[in-house]
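Enquirer: Take a look at the letters that make up each chain.
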Amino acid sequence: MELSRRDFLRVSGAGIGGVLLFKAMGDGVAMATPIKRIPLTRSGQETATICPYDGSGCGFIVTARDGKVVNIEGDPEHPVNRGAGCAKGAALRQISADNPWRLNKVLYRPAGSGQFEEKTWDWAITEIADRIKKARDAGFIEKDSKGNTVNRTETIANIGGAALDNEECYLLAKFARSLGIVYLEHQARL
Amino acid sequence: MAEKAILYDASKCTACRGCQVICKQWNGNDEIIPSPSSGDRVAVKSRGTYENPPDLAPDTWIKMKFTEAESSGKMRWLFTRRSCMHCTDAGCVRACPNGTLYHNEFGTVSYNKDTCIGCGYCIPACPFDVPRLKGNRITGIAKADKCTFCTTQGLDRIVEGMEPACVKTCPPGALAYGEREAMVVLGRQRVDLLKSRGVGGANLYGENELNGLHVLYVLEDSPGAYGLPVNPRVPGATIAWKDVIQPVGWAVGGLTILGLGMNWLVARANAKKEEK
Amino acid sequence: MTNHWGDIANSDVVMALGGNPAENHPAAFGHITIAKERGAKLISVDPRFTRTSSKADVYAPIRSGTDVAFVGGMIKYVLDDIEANPSNYNMVYITEYTNASYLVNTGFKGPAELEGLFSGYAGGLNETDGTKRKYDKATWAYQVDDKSIPKKDKTLQDANCVFQILKRQYARYTVDKVNAICGTPRDAFLEVCKTFAASGKTGKAGVILYAMGTTQHTNGAENIRAYSILQLLLANMGVAGGGIDAMRGESNVQGSTDFGLLFDSIPGYLGMFTDADTSRQKYLDRVTPKNNDPTSANWLQNYPKYITSLLKAWYGDAATKDNDFGFHYLPKIETGKNYSWISLFEAMAAGKIKGMMAWGQNPAVGGPSSNTERQALANLDWLVASDLWMTETMEFWKRPGVNPADIKTEVFVLPARASFEKEGSVTNSSRWMQWRYKAAEGPGEAEDDLWMINKIMLRLRELYAKDGGPNAEAITKTNWNYGDPPDVHKVAKEINGYDTTTGKQIDGFANLKDDGTTACGEWVYCGSYVEPDKEPNAPVPGNRASRRDLAPDAFNTGLYPKWAWSWPVNRRIIYNRASVDLNGEPWDKEHPVIKWNPTKGETGGWDGDVVDGNYPPIAVDPVKSRYPFIMTSEGVARLFAQGMADGPMPEFYEPWECPVSNQMSSQTSNPVAKVWRPDEQGKPDKYPIVATTYRVCEHWQAGQMTRNMPWLVELMPEPFVEMSNELAAEKGIANGDKVTIESTRGKVTMVAMVTGRFKPFQMNGRRVHEVGLLWHWGYSGLSTGDSANILTPHIGDANTMIPEYKAFLVDVKKA
Amino acid sequence: MTNQEVEKYRRPVRILHWVHSGAFVVLFLTGLVLFIPQLAFLAEDSWTRLIHRIGAAIFIIVPLLYLVINPKAAVRGVKMAFTWGIADMEWLRAAPRYYFLGDEKAMPPQGSLNSGQKMWWFLTIVCGVVFILTGLVMWFARTAAPAALLQWMIFLHAVVFIVAGAMFFLHLYLGVFHPLMTEAWKAMATGKISAEYAREHHGKWYEEVSKSKEQPAK
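Residue numbers (my numbering), protein chains in the order written: chain A, 1 to 190; chain B, 191 to 466; chain C, 467 to 1281; chain D, 1282 to 1499.
Think of the hints as simulated: they come from the structure by calculation, not from any bench.
Quantities reported herein were computed from a predicted structural model and do not represent experimental measurements.
If a hint is listed, it holds; no wrong ones were tucked in.
Keeping only pairs whose Cα atoms sit at most 25 Å apart, straight-line, the calculated BS3-like set for lysine-lysine is:
no., chain 1, residue 1, chain 2, residue 2
1, A, Lys134, C, Lys818
2, C, Lys874, A, Lys134
3, A, Lys133, C, Lys943
4, C, Lys1204, C, Lys1279
5, C, Lys1066, C, Lys1090
6, B, Lys235, C, Lys1279
7, C, Lys771, C, Lys1090
8, A, Lys133, C, Lys932
9, C, Lys1197, B, Lys235
10, D, Lys1399, D, Lys1485
11, C, Lys1028, C, Lys1000
All chains should be built: construct the whole structure from the sequences, respecting the hints.
Expert: In structure tokens:
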């Protein structure tokens, strides 16, 4: 979704520029020199987002050009932060794909190996699904000692979610429970 | 009036340092740690303080200063902004030999990085120890840097009608921006409010210092307690350099050449006479 | 959060207790600043003088782990003051909106009589036999009349009424006791009491802001119970500027909890099925709360609608009346068995868990007693981990000191996309569900977690369809049609819920049914994504989480009812019916949340926020009216709560590892907390110093999302341990020195930050030192350092099993 | 005798002179940009600063080298700059009439360096030392030195720049352009001057040289 940052970033009553420049000279700020005007280099497609750090839920505006982030700063309309951003919020741009430490390949470490190997998604999904099925089927408890249907697996654990989106959390819960996973935990416990 | 100013309110600041980061983000300044190509691990070390990086730098235009103060059993943690104050009587502008540093139309101090010759004279000239030189110490190839009041070319927020990046990002609203006169009024109001709430030492810093700073401070204690100069002045040597040395240089140079020219005329005339 | 971030600005007193908002929730501080501008007071209670303390009007130090003693002392102050100056308090609120007047079983005995225990304890004082560390709660029940309705004494004089029990229990929490236990100077404590109690006056509001400093204790849940009691006595719940606000540490820890990513719940806080639930009905009989009081709405009696709609959402056409709506497709946990975090890692350490999937989670740094958890990871056959950066968990097999060849775990590292590289919603502390958009491309082959989950599930469905397996239908019959790649809007719409016959989106959980005609993935979120014509002006029509309308609420109290969407049913302040008197008039005329409008509609109606239970005020229509706290079965707020494992009212116990004996009773630490590793309990002779852990503004959680960001690393390059000048002098440590901190679990080396902001605690003449460690670091990433969690114990709260990160014992030496 | 020449400066001295004065010219011109803002465009991107530093290195090293190669002569030379007598005072009094009007009546006979040259030589040493000391501080101790010290270093550097600059013009003028100093440049260019010129301009020295022909000065 596009938002016009220019419009709401403008400081109220600040119709500065040529007119005031002229006025400033006239007002006798003798040493004042006009600033050489170059178009903003941090402009582009603007999209609203919510900060991925703490639970304040501050709004930010991501500016991107050709899919690459050129600027991220506070969303001035957002009622939680009104355009503000703490050290982490202000640093959001370093999360972007330009961060050289970001993971960008599927990696696999075989048992006992000393290093990761690069793999394809297809390979990884197939292998992971195989392992899940093997572990699930081997340890699946259909009925407990009292004969009650319990349909659970205690051999697979699933953790995490507080850094995911709601929809991902929901699908994760649906996925894990349909597999019979009961060791289902995440950051909220910690 | 078109003069602009930032009002920094120390009584509201929580030193979250969003300003330190957004300044780098907006102005494209790097951190002082190695790039990934030069290795994975970090050279910056903790020095037993929240204050980092250690000092202002060519790529660090704002740095929050943390001061612990304890009086009559009451602990206080004072936070101050260390950055360019954009003085009206600016030592750096005075010291700059070729007008690279200048007062812009908003009364703040900009500089033209293209014309900077890297002499570094602005550094000792600043009563607040703000400008920094980035360059090669041996070759002397360098450029000075400091807060531009968000008038960095191509990134000039002020001209675009936006507030400086640091002001915008401040979560507790400790930074305000607007016409300088309005900021002075706002600052005075804050000081009055703080005084009425029992902060006897509240004061507004920068209203008249150096003929008026364009970064004003609301302080809860004397400027000295925050590590600010109580009575900042442009150093005598800087005044002497720009106001005395340069003109004297031109005078002496001019007179010398004039004198030698005259001598040549007279002496040559005499020499010719003698030959005859 | 009962209220929301912006509402803090409406407060008259803000108390940060067990949290440091200036450090960890800086955006919150903007609202605190606005409140302060209006003249509100800020109280900061913390072991050390923090960034929040620097802006506080009142600061009081507190030894870590003694919150119940501190707040118990405040409760006593308020109870005494209610007696002395009842006009300064809202007695109608206390009498009518809480269970103060309810009579408790005459057999009930409290800690004042039983040396720190409550009646019904199976063991003796300081019981070590795990099977006896529990309560039989029979004596905690209300006295009921012949219709099974709880008996009340509105004069609050009956010796068995909750109010009198409260007084008896907290009479012992004197200022001297607070000083002897918490180490808080008497004058500072009294100033906190006086300042915060001022919010008890009708029309005034005070808010408690807390975070993990409150919860991460063996009695973490009771800490919050203590806050609740205090806030109820001060009539601060439900009102603007009041409430108890949990400042959530992750962007979506609210949402991830709402969606049931915990062993004991399924989406919507519905209880997890157990082996006793042999049918859907059996389950409903067990979990649906009952109450015979006709004036109690007992909202959760709607349980059958929510669980049936969830089953329909998960199994679609395969969920029919005949198969109990697919009830047995889903797992049932063993009754009484705990599967929470610590139990999970204990099971892994015991070799019972073969595989694990970790989604944006880094237990090798964030888990308690991290060495234990790192070692446990080696027992896995395989580990799948998705994250933005390489984490310590992904690299546990090559951590310092281990030989990779010895570790047989296969590790799959999945590169994930960041928040602004994908689309979806998150829910903040204010319960606001906010929509995010894809703004930029991710790096390389990184994919959404949604994409990964979808891919794995689709593959598993193929496998089970082909090869079969136990309970294979649970997988093959899931209602799983999101496309490939998955469409996040389809998921969001399923969460909201739809009519299974018409396929139309449902607007609000009041419209859910228990006959299978409605499907809803998360009933609390019902109404978030409706038909486009119901919300045509939202940027994504129908998607209320995407709304960006700053229109004010009826009373201009800063609710922003059209900004995003707040669960439940867009209510911004929950329990808001407690913000009005019996006639529906707001207690606080300056900041009304809701107000009864007799001329609205035919029979009158509410103006303002979405009312918490749309019933008329009691004085207007006693028959149709319902008590204001509709989510409790009795309809009123609980000063006395039978649901707690460790006592109906908070009693002070020392942390599991404590430097002193309990000054309040003979029971040292929480009598029902499960002790996993008794041998690892540190004793003060060897480890005399209290330690706690915390975060800094510049880093986040286990650090993978900040330790790889140069701008932040530059601000905070290394972990440090904060300590007092006095302790440093005793140990010969100078600021900036490297020091080792050791507990029974291990040792770490960090930089010493010697500061006057930490002071030794003078506890009735005894001196106890405390140190504080940053816990964000580990051995992976751009900035590395020792993990403070190597030191923390593998023990959790008696109710929630949250680990006791915040109070343990260590020794400190110069490295 | 007209064709007779005497050796005024030996080769090392001449090399020292030319290299050092070359360095000075470079330093002077690259420093001049600070005084004439209109020239500052030449200094953009600091390349004048690089040249200034190369010049400075030569300016510092060459005299040091000379000191190492010929310490005796160097010490004698420095001593000479600081040895002033009554004859020098007389010379200074008589100099204006001489240099303007060619009136040499009052000029006392001079040694190998006349008093004017000695004065220049003296200033060269003093200014050189101040240049080097203040310059080194500005070059290497910029971050270490306190601001107050740096300010005065900048100030002193500028003061000696003016003094040395003005004197340099004088020196250049006298050596090359002044109508009477016909062979001064020759002395430094070839090392030799005519006996006649030597007698006229450095009478005292010429006598000494004539007495012991095998021992030219320095």
